[in-house]
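*Asks:* With these hints in hand, go ahead and build the complete structure from the sequences.
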Amino acid sequence: MATLETSISVAPQEKKSKKSKSKAEHATTDPEDTVMASSDSLELSKKDKKKRKKSNDASTGDDPSIDKAERKRRKKEAAANGTSTVEESISAETEVVKESKEERKKRKAEKRAQREALAQSIPTAAVDVPLPTPPPTASASGSSTPTSSEVSAYLAKNNITIQSSSGEIIPILKFSQLASFEVDERLIKATDKFKEPSLIQACSWPASLKGNDVVGIAETGSGKTLAFGLPALQHILSSPSDQASKKSKKSKKQTGTTQVTVLVVAPTRELAIQTQQTLQELGAPFGIGSVCLYGGEPKDGQRKALLSQNGDGRTTRIVVGTPGRLKDFVEEGVCDLSRVSYLVLDEADRMLDKGFENDIRSIIEKTAPMEKRQTLMFSATWPESVRRLASTFQRDPVRVTVGKDELQANSRVEQVVEVFDDVREKDRRLIQRLKELGHKPNTPSTERVLIFALYKKECDRVTQSLGSRGFHALAIHGDLSQPQRMKALEDFKAARTTLLVATDVAARGLDIPEVKAVINYTFPLTVEEYIHRIGRTGRGGKSGKSITFFTGADHERALAGEFARVMNDNGFDTEPLKKFPMTIKKKTHGAYGAFFRDDIPIDTAPKKIKF
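Here our numbering is used: the first residue of the sequence shown is 293, the next is one more, and so on.
Each statement offered as a hint is correct.
Here are the simulated lysine-lysine pairs, DSBU-like style, with alpha carbons at most 35 Å apart:
1) K591 with K646
2) K466 with K664
3) K696 with K664
4) K596 with K785
5) K748 with K808
6) K785 with K449
7) K870 with K727
8) K664 with K646
9) K834 with K749
10) K871 with K732
11) K727 with K834
12) K466 with K502
13) K871 with K727
14) K834 with K808
15) K466 with K834
16) K749 with K871
17) K749 with K727
18) K837 with K808
19) K732 with K718
20) K696 with K485
21) K727 with K485
22) K591 with K749
23) K664 with K596
Please keep in mind that the hints were generated in silico from the structure rather than gathered at the bench.
*Replies:* In structure tokens:
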């Protein structure tokens with residue numbers, strides 16, 4: 293191409309002839325210069341190329357206006373200058389291009405031959421292709437999903453029943469499995485202090501983290517607070533903040549109401565406070581606060597906390613409360629439940645037994661519609677009253693039953709009963725039992741012992757009696773103010789005092805760690821309360837011990853048969869109780885007495901009465 297472009301510059305004029313000589317000399321000096329010239333010529337404009345093409349046609353004789361004599365003269369002139377003809381120069385350049393293409397083909401052929409030779413040199417039998425590593429099973433890696441056989445063995449071993457219409461529920465056997473549900477890493481880290489999920493946690497989390505309604509039935513001390521607490525925080529973190537919520541904040545400034553995302557309803561003050569503390573701890577890394585609403589305290593302080601939580605003065609994400617106080621704030625317009633999208637009823641059976649059913653229904657009706665709300669209900673039993681509540685306010689819930697539907701004692705708690713003919717012997721025997729459990733007069737002890745009395749006055753008397761004999765004990769009952777009750781409970785939890793005398797106010801729901809033993813100074817009014825009492829020990833998978841003083845006086849004689857059945861179910865000696873009648877008394881309702889029936893549906897529709 294370069295020779296072509298230099299030769300076509302030859303013209304009849306002398307000036308152009310001189311230029312063509314210099315270009316021809318330059319073109320014949322070095323073939324490499326020829327290639328460089330060709331690369332430079334590629335950058336010429338289209339107009340220049342057209343012009344040179346015309347001149348090229350003229351130089352090669354394509355122009356019919358040039359005669360033969362002129363063409364011969366030009367050839368002689370080019371030969372005299374040592375330049376080959378145009379045709380020869382074109383063929384020479386074509387050879388260079390062809391040689392470069394042949395070289396590339398040659399290199400490719402050589403590489404292909406080398407690969408074939410290498411493949412032939414390796415014997416086929418010696419080729420060891422590594423197989424892909426199979427994914428680890430649940431036993432090899434905690435984060436992988438358990439197999440169907442492992443799930444079946446786990447459920448059978450722990451006597452767990454899962455009823456779900458949405459398919460198989462695979463339990464979360466390791467905390468690391470929470471990552472597969474896109475749970476925030478900081479929430480997973482909050483479980484580091486636990487060895488593994490409890491039974492109710494392992495089986496309820498898969499459903500609740502997917503947004504399903506859940507009914508959890510399990511014994512006391514089974515970790516139900518974390519079972520609904522962790523999904524509650526994840527629910528808040530996953531909920532987008534919509535514009536409607538922002539607009540509502542502006543409109544609420546005048547009325548002073550607070551909107552809630554997560555609502556937990558509990559039967560007692562102590563349980564509500566304990567639940568709120570757990571949720572407060574879980575929400576701390578995210579700046580998500582919670583408020584506890586309960587009776588027995590002035591409303592002003594709780595109202596102020598309700599409005600100022602999280603520092604924005606309007607948005608409280610989590611509220612934990614008892615039915616009565618919660619209903620009061622809702623009716624006053626202080627607490628707006630219309631955006632509650634995550635509702636928890638904790639200890640549902642007890643709230644219904646105490647006659648809170650109407651309050652609970654009123655509270656639930658103030659929350660978001662059922663199709664926009666996730667509802668979780670946890671209970672120790674599954675009576676008809678709880679079933680009706682679930683069928684009314686839940687959408688196709690997943691029911692997880694750990695053990696039986698009926699209330700049963702913690703199998704890890706050793707049960708011992710002592711029968712007394714004389715009530716006055718109990719004080720002397722109490723001192724002996726405390727010494728056996730590691731307590732000595734005027735000597736600090738690290739072994740926590742919880743003593744249950746039946747009445748408030750009895751609670752104070754036992755506390756004073758222990759103090760007069762050198763045993764430091766604190767009391768907790770309904771006549772004490774809430775700060776006094778909380779102070780006693782905190783001192784007991786922190787082991788500043790290791791003897792706590794309480795009425796049944798502390799019998800249910802409270803999570804007091806490391807309680808070595810429970811002593812029932814007086815048997816409760818129901819066997820259900822007995823089961824909840826002894827559930828304060830043996831928590832978190834640990835073992836415990838319960839000692840019951842039984843005299844057969846007053847109400848105790850009628851409960852001897854049912855008490856013996858509970859002990860027999862767990863394989864403990866009931867010989868001392870056989871001196872009493874072993875008949876089992878018909879159960880009565882806490883609010884409606886012996887005439888209450890839970891085996892027939894109740895029509896709740898209003899009826900017109902004519903007189």
